[in-house]
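Peer 1: Spelled out from the first residue to the last, the chains are:
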Amino acid sequence: MYEFLFKYRPLAFEEGVFAFRPTAATYAATVLVVIAAVVTLRTYRQVRANSRPVDRRILSGIRLAVLALLVVCLWRPVLVLSQVEPQQNFLGVLFDDSRSMRIADVDGESRADVIRRQLGDESPLLAALADRFALRLFGFSSRTERIDSVGELAHDGTRTDVGQALTRAWEELSGVPLSGLVVVTDGADNADASIEETLLPLQAAGVPVFTVGLGREAYSRDIQLSRVDTPRSVLKGAALVVDVVVAQTGYRGERVNLVVEDEGRIVADEVVTLPADGEPTTVRVRFTAADAGPRLFSFRIAPQPDEMVTQNNERNVLIVVEDTREKVLYFEGEPRWEVKFLRRAVSGDENLQLAVLQRTAENKFMRMGVEDAEDLVGGFPRTRAELFQYRALILGGIEANHFTPDQLRMIADFVGERGGGLLMLGSRRSFAEGGYAGTPVADVLPVVIDPASVDDESRFFVETDVRPTRAGQTHPATQIAETEQASSARWLELPPITLVNAVRDVKPGATTLLTSGDESLVVLAFQRYGAGKVLAFPIQDSWMWQMHVDIDVEDQTHETLWRRLLRWMVDGVPDQVVADVPAERVELDEPLTLGAEVDDANYEEVNTSQVSAWITDPDDELFEVPMDWTADRDGEYRAGLTPRKEGLYEVRVEATQDGELLGSDTTYVRVAPSDAEYYDSTRRTALLERIAAETGGRFYTPDSIDGLADDVQTVGGGVTVIEERDLWDMPAVLLLFLGLVVGEWGYRRARGLA
Amino acid sequence: MRLRILARVGVAATVLAAAAWGTLWAAERLAAPAGPEPARPAGGPPAAQVQPIFRRSDVRPSLRNPSADAREFFFTRAVYNSGYRWSSWATDYPKADRQFLIILERLIDLDAYEAENAIRLDDPNVRRFPFLYALEVGDMYMSEAEAQGLRDYLLAGGFLMIDDFWGTWEWSNFEAEIRRVLPEHPIVDIPLSHPIFNTVYNIDEIVQVPSIGNAQGGPTWERDGYEPQVKGIFDDDGRLMVMINWNTDIGDAWEWAESPYYPLRYSTYAIEITINIIVYAMSH
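Protein sequences appear in the order of chains A and B.
In this note's numbering, each number is its position in the first sequence, counted from 1, plus 239.
In this note's numbering, each number is its position in the second sequence, counted from 1, plus 17.
Read the hints as simulated data drawn from the structure, not as lab findings.
Treat the hints with care, as some may be off.
As the list claims (entries may be wrong) - Taking lysine-lysine pairs in the DSS-like style, the calculated list, with each CA pair at most 30 Å apart, reads:
1) B:K248 - A:K475
2) A:K566 - A:K475
3) B:K112 - A:K603
4) A:K603 - A:K884
5) A:K884 - A:K475
6) B:K112 - B:K248
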């Protein structure tokens with residue numbers, strides 16, 4: 240309509256400069272019109288008849304307006320435009336070739352269909368563009384490729400990287416006169432890079448980007464698993480607590496099942512009540528990693544009726560389930576029931592090896608669960624290498640005085656430097672009562688050790704129930720039942736235990752998981768210290784949770800608690816050699832950086848070892864990639880790898896020094912297409928508008944795309960010519976003229992003056 | 018070898034010290050007035066001199082709440098129903114218990130409650146004491162509640178030490194009783210290679226510990242219990258639940274450890290094996 244009335248598109252008026260182009264005849268005609276105006280005014284003044292003064296003023300006004308319009312037209316108004324020279328300039332047209340273009344979210348028509356219909360090889364728009372520009376077509380997803388026709392688009396890209404596409408097209412066309420770039424996409428960019436860096440050179444070069452946004456801005460009905468946070472590796476049999484972020488539109492309040500599968504076997508099935516539209520909710524699911532090896536876990540909500548995009552209902556994550564035996568040292572200063580019941584609790588756990596060193600009399604020790612006849616034969620380890628071979632250390636009723644200053648320092652370093660787990664149990668010989676105040680061990684403990692609290696006269700003693708804090712209700716170490724609710728309830732049912740250590744305060748940054756019934760005493764708290772973690776568990780008879788008459792003989796609460804606690808302590812404790820890949824999944828042919836950290840037996844970084852990554856590809860072919868010290872950080876080695884096959888790659892890193900193996904570590908990486916394209920795949924109008932606005936282009940939707948060719952010609956860069964466009968012959972002017980004339984006649988008729 | 022000799026010398030010295038202490042303690046008890054004395058015929062011995070240190074009939078099981086004492090170990094006797102002998106569970110009680118605890122405290126670093134503790138098998142509080150000592154089980158006739166209580170106790174993780182019963186008749190009674198408790202678990206011999214014989218002291222021989230009456234020479238056995246035997250009942254995971262000392266009277270050796278007439282060899286063995294059993298029970 241606008242174009243019908245005003246002949247040109249609004250953009251022409253925005254970009255053009257308004258000017259008059261009068262000739263000599265124009266001036267003569269203007270004089271005549273002015274005379275006519277004067278005559279008109281005088282005539283109206285003289286006429287009396289039966290007219291009122293107001294009638295005369297209106298009628299003379301209309302007549303003068305007609306004459307003024309005539310004068311304007313006689314002055315030949317024009318729009319001065321800088322127009323792109325036809326066929327002298329290039330135009331890059333970039334088509335989104337990613338999978339999200341297959342989503343049929345507008346009237347059952349896919350985004351790819353819209354491209355074919357409106358910008359296909361036979362479409363009038365592409366023809367119009369081809370008339371005016373030398374077109375260069377590109378298809379882009381994670382990479383950007385030149386294409387000869389729109390028909391070549393397969394829409395199977397697994398990522399959308401608009402920034403990379405613009406840069407690539409701009410680089411390719413930078414040597415030729417370029418009018419601009421047209422990007423046809425849904426804008427559902429899932430690249431990590433910022434668009435800012437891409438736009439700057441385009442702005443500097445004056446290349447306008449015209450963006451065409453496809454798809455809907457919001458789905459009417461869709462469920463999406465926005466995020467799944469899982470650890471990269473866990474110990475076999477570990478109880479995993481995984482947060483899954485679910486977002487939805489159109490299904491508010493409905494109950495759906497979130498299913499977790501371990502290589503096809505259902506391991507969890509959680510009922511989720513869907514939140515309000517657009518508000519993500521976090522669902523906590525629990526399951527057990529029962530089978531060892533690299534396992535593909537899938538998290539899924541079954542497609543719902545009328546759901547627009549079903550591919551975003553599922554996420555797959557590779558978790559390496561380790562089947563190792565993690566060594567834990569429990570040092571107890573006296574015969575205690577905790578030893579018996581703790582050993583029993585973890586004896587059925589094949590992945591925990593509990594070595595117990597128990598003092599039975601002064602300088603007399605009993606060893607249990609040791610691997611070797613020589614292990615711990617001299618009592619508590621005296622060298623770092625001896626202590627650091629364990630992943631976790633439990634200190635029972637052993638007074639600080641038993642250790643040498645170096646051993647106390649070593650225990651602190653076990654946590655801070657080696658990254659091990661430390662747990663101190665309650666007894667008359669631990670915490671402040673054990674004389675730990677002021678020692679390096681007190682520094683690493685999560686609780687405040689107050690020597691003033693120790694009173695030899697009245698020995699502290701409390702019998703109390705235990706209650707989990709908010710953190711304790713959800714923390715993996717304190718999950719003693721199948722569900723969060725059951726676990727919280729179970730804690731409150733457990734029989735009372737006794738405390739002989741007055742531990743009331745935790746340090747800043749520490750987390751309390753369990754408290755006494757009146758919440759005045761700390762029962763379980765932890766903090767991360769350096770590379771490791773430290774727990775304070777100042778109860779002296781957790782075995783009551785096994786033996787008490789209220790506990791059923793078959794009950795597994797005590798076992799579950801200690802297994803989870805120890806598993807959590809050893810979880811993530813590094814070996815001497817740690818292999819690392821940046822992501823659990825990469826694209827085919829995507830370069831990948833393999834990393835490794837190498838320490839010696841004392842857990843000091845080694846920069847001079849020979850490190851190799853032994854790669855087993857999906858076809859079971861083994862090859863070696865040497866790794867080099869990065870020189871940026873001590874003990875860090877790196878190598879590059881570009882996977883050429885889809886499937887699972889095993890990466891085994893081995894480090895040797897002076898011909899001796901320091902250690903090895905195995906990790907896995909999955910080479911598979913990303914499913915990211917279907918997540919957050921609605922049209923991102925804001926991004927596309929921003930690209931257009933910051934480069935001087937325009938944003939279009941399929942409904943407004945018709946003017947694209949004219950607009951590019953109007954605002955585009957490259958080789959341009961100055962063009963003047965007449966405005967006097969706009970239909971709007973004629974309509975105004977007719978309107979005024981008819982208006983005058985009508986007024987006269989109405990007033991009876993005709 | 019030298020270490021073992023030293024250990025034995027240590028045990029012997031401790032036993033002697035305990036014996037001396039026990040004598041003094043007994044003398045004090047005997048000397049102390051025990052309330053208003055009844056009038057007695059002139060010429061007879063003073064009443065206090067004819068009274069034993071403890072009278073079994075005076076003893077009531079002290080079913081205290083152990084956590085109130087906040088101690089790690091309680092030497093706990095199982096109180097059970099007995100047949101023809103009234104309260105056979107209380108044989109040697111509590112002198113043997115107290116005397117043993119005195120020695121225990123000196124030999125190992127264990128936070129043990131220094132007095133006796135006895136509890137009925139059908140008392141729910143029995144589960145607070147993971148170590149139980151029962152003797153004279155040849156006369157044990159448990160009620161249903163006691164059998165069930167003991168069963169749950171053992172399956173939950175409790176440990177039972179059996180002592181002082183002799184010969185085939187008493188064995189058959191005990192066997193019948195324990196069958197009621199743990200019908201699915203057989204009684205097996207515990208060989209000397211078992212770790213329980215080496216937890217603290219190295220024991221390489223099962224000694225027949227005689228009662229005070231048989232310790233002065235002559236046969237050490239009673240009835241037809243000629244050969245001392247150590248047997249056990251293990252749970253499904255191979256963990257020892259019940260340790261049975263048959264044809265021996267370890268408790269008497271504690272009770273009379275201070276007596277100059279009781280041979281040191283027996284009391285040394287009795288204390289060593291009991292300490293081994295307790296430390297084993299507390300760690301396995």
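Peer 1: Given the proposed pairing of K112 of chain B with K248 of chain B, does the C-alpha separation stay at or below 30 Å?
Peer 2: holds (26 Å)
Peer 1: Given the hinted pair K248 of chain B and K475 of chain A, is their alpha-carbon gap at most 30 Å?
Peer 2: Violated, at roughly 38 Å.
Peer 1: With a cut-off of 30 Å on the C-alpha distance, tell me whether K884 of chain A and K475 of chain A pass.
Peer 2: holds (28 Å)
Peer 1: Within a Cα-Cα threshold of 30 Å, do K603 of chain A and K884 of chain A meet the stated pairing?
Peer 2: violated (60 Å)
Peer 1: Are K112 of chain B and K603 of chain A close enough, with their CA atoms no more than 30 Å apart?
Peer 2: holds (29 Å)
Peer 1: With a cut-off of 30 Å on the C-alpha distance, tell me whether K566 of chain A and K475 of chain A pass.
Peer 2: The hint holds at about 14 Å.
Comparing the model with each numbered hint stated earlier shows that hints 1 and 4 do not hold.
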